[in-house]
Amino acid sequence: MQPLKLTIPGSFYDSLLYKGHLYLWDVSGKQITTIDWDRLVESIRVPEALRLPLACGFRASERLYKSRDELLYRDKDFRRLLTSKFARLAERSPLDVSAWIPGCTLKVQPNPFAFPHSDVIAYYDVVYVSSGVGVQYSSCHHIRKGNPIRTNPQMIWAGRATGIAASYGHMAISAGSEGLIDVGLSRYDYRHEPSTLSTLHSTFAAWTYWSVFSGSFESGAYLAEFTQPGKTRDGSPRLDRQDQTQKDLRIDFMDTVSSDQIFGSRSFAWGRHDKLCQIQDGHAAVVRHVPWKREFNSRFVPLGRIALGESLGDLVSVDSALFGFILEYDQGLKVVQSDGQLVTIPGEPVNWRVFPMSVSYENQLHILYDDRLEIWSFNNDYLVDQESKIAGVKYSPRSRIH
Amino acid sequence: MFVRAYQTARADSTAWGLHLASRMLGYLGEGASGRRLFVGKFLASYGFPIWHGYPADHVAHSQDIPPDPVLQAWSQSGLITASKMRKLARGRPCNL
Chain A
1 MQPLKLTIPG
11 SFYDSLLYKG
21 HLYLWDVSGK
31 QITTIDWDRL
41 VESIRVPEAL
51 RLPLACGFRA
61 SERLYKSRDE
71 LLYRDKDFRR
81 LLTSKFARLA
91 ERSPLDVSAW
101 IPGCTLKVQP
111 NPFAFPHSDV
121 IAYYDVVYVS
131 SGVGVQYSSC
141 HHIRKGNPIR
151 TNPQMIWAGR
161 ATGIAASYGH
171 MAISAGSEGL
181 IDVGLSRYDY
191 RHEPSTLSTL
201 HSTFAAWTYW
211 SVFSGSFESG
221 AYLAEFTQPG
231 KTRDGSPRLD
241 RQDQTQKDLR
251 IDFMDTVSSD
261 QIFGSRSFAW
271 GRHDKLCQIQ
281 DGHAAVVRHV
291 PWKREFNSRF
301 VPLGRIALGE
311 SLGDLVSVDS
321 ALFGFILEYD
331 QGLKVVQSDG
341 QLVTIPGEPV
351 NWRVFPMSVS
361 YENQLHILYD
371 DRLEIWSFNN
381 DYLVDQESKI
391 AGVKYSPRSR
401 IH
Chain B
403 MFVRAYQTAR
413 ADSTAWGLHL
423 ASRMLGYLGE
433 GASGRRLFVG
443 KFLASYGFPI
453 WHGYPADHVA
463 HSQDIPPDPV
473 LQAWSQSGLI
483 TASKMRKLAR
493 GRPCNL
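Those protein sequence lines, which keep their order, are chains A and B.
Per our numbering, the very first residue in the first sequence carries number 1; after that it's consecutive.
Per our numbering, the very first residue in the second sequence carries number 403; after that it's consecutive.
In isolation and in its complexed conformation, chain A is listed as follows:
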């Protein structure tokens, strides 16, 4: 199935799509433009028969994921119909939305954060931005009055941060040669002072269920393991429950496991949700992470290797999404789709981003170039068996946390 594509002209440094609003950082770092994303997608003129792929492709991916277990998906005629609708919309790609941008722009506001930032995420209506000064945060989603992103950001950690990831009320901060830092967020009322999970180099990090996988372009990768929510270190239920809701979600750091142990070799590695990956001789070796298992061999289950095809230069960045693995090289991006197809997107991007933890945009890949934002929508994964797939993280509704 060909991906859908939508183009927004302009010079942007970064994009963040969250709860119906598209936040765009301009390349000078001076402004953030907030666009009413739902309205913009609805404004696109397509035949009524293509409204379904348009909506699921760009603003409500969960609609088709939520129906996955139903008989509908086992029906060959339905699968054929769905595939043909996406194919017909793909023929119209790239969809040009430039005419509707002015009418859907909610606000252009000064950028309150340090610039150029290294990473930006949204977590429970708060935008977190990492940069050379540390990790700043400010509430977002304020549309009716004032600026959509509040203009007085606070700091939760001071220092050079190269990547951030939030889940279970914790913020994992990759601080390069300073290691991997953990900061408790106030949401769960057990905010704590920043602590160092590991002094080993960390370029980026992502949550793998309730643990954090740290990747590095300088040294080995590792998994910082936390206790299962509501459980103690030995796996028994917590007995100190005073507040059921908060204690059930509480996780505590235990120890780190090196990627050498997980993969049996040392090479560049990354991980997200249920998939841990390592580059091996032009392939991605994939291991399933099953953190609720206690035995090591049951906790890390090798799934196989996927060929990555011809190199596009040195590896620059990686991430995982439901629809597959995304690898950035010097001269372009590669998407290893969950159905096995490989998509090559040549050209050096200014930036790119996926939204694997979001509710409605897990199928999107945003690629920013000097003069435009390209939004790619990959919809092959709706028809892929989530249990047996190797490329891409598994869809699980309970992991859609914000």
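I should point out that these hints are in silico values taken from the structure, not numbers from a laboratory.
Predicted, not measured: the structure shown is a model, and the values here were computed from it.
Certain hints may be false.
Unchecked claim - Short, incomplete list of chain B residues facing chain A, as computed with Cβ under 7 Å: (1) R425; (2) A462; (3) S464; (4) P469; (5) R492; (6) G493; (7) P495; (8) L498.
What the hints assert, rightly or not - Per the computed footprint, the stretches of chain A lying under chain B, defined by three or more beta-carbons under 8 Å from a beta-carbon of chain B, are: (9) 19-32; (10) 112-124; (11) 309-322.
From the three backbone atoms N, C-alpha and C, an ideal C-beta is built for every residue, glycine too.
Assemble chain B onto chain A, guided by the hints.
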């Protein structure tokens, strides 16, 4: 020849530069990992008006990533692209 060598703050006595060779940015050397380096970092000797410089490895060492205002100034003046600005800020491999 170094261009746009920015002193980030008088107090920390650190400056950052890029090397121009035939109007093109050039590499300064290789890091311990074999990675080619192109950002120059300069430190002033305490009490002396003498600066010492070395090729900064922004992937290996957080303190070798130029401060945000320096990255922004290089990008705005066209010395580096926005893509390279992002790679430097994120501590990612970055070739010229």
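Hints, one by one, checked against the model:
no., hint, result
1, R425, "20 Å, violated"
2, A462, "5 Å, holds"
3, S464, "3 Å, holds"
4, P469, "5 Å, holds"
5, R492, "4 Å, holds"
6, G493, "4 Å, holds"
7, P495, "5 Å, holds"
8, L498, "10 Å, violated"
9, 19-32, "holds (count 3)"
10, 112-124, "holds (count 6)"
11, 309-322, "holds (count 5)"
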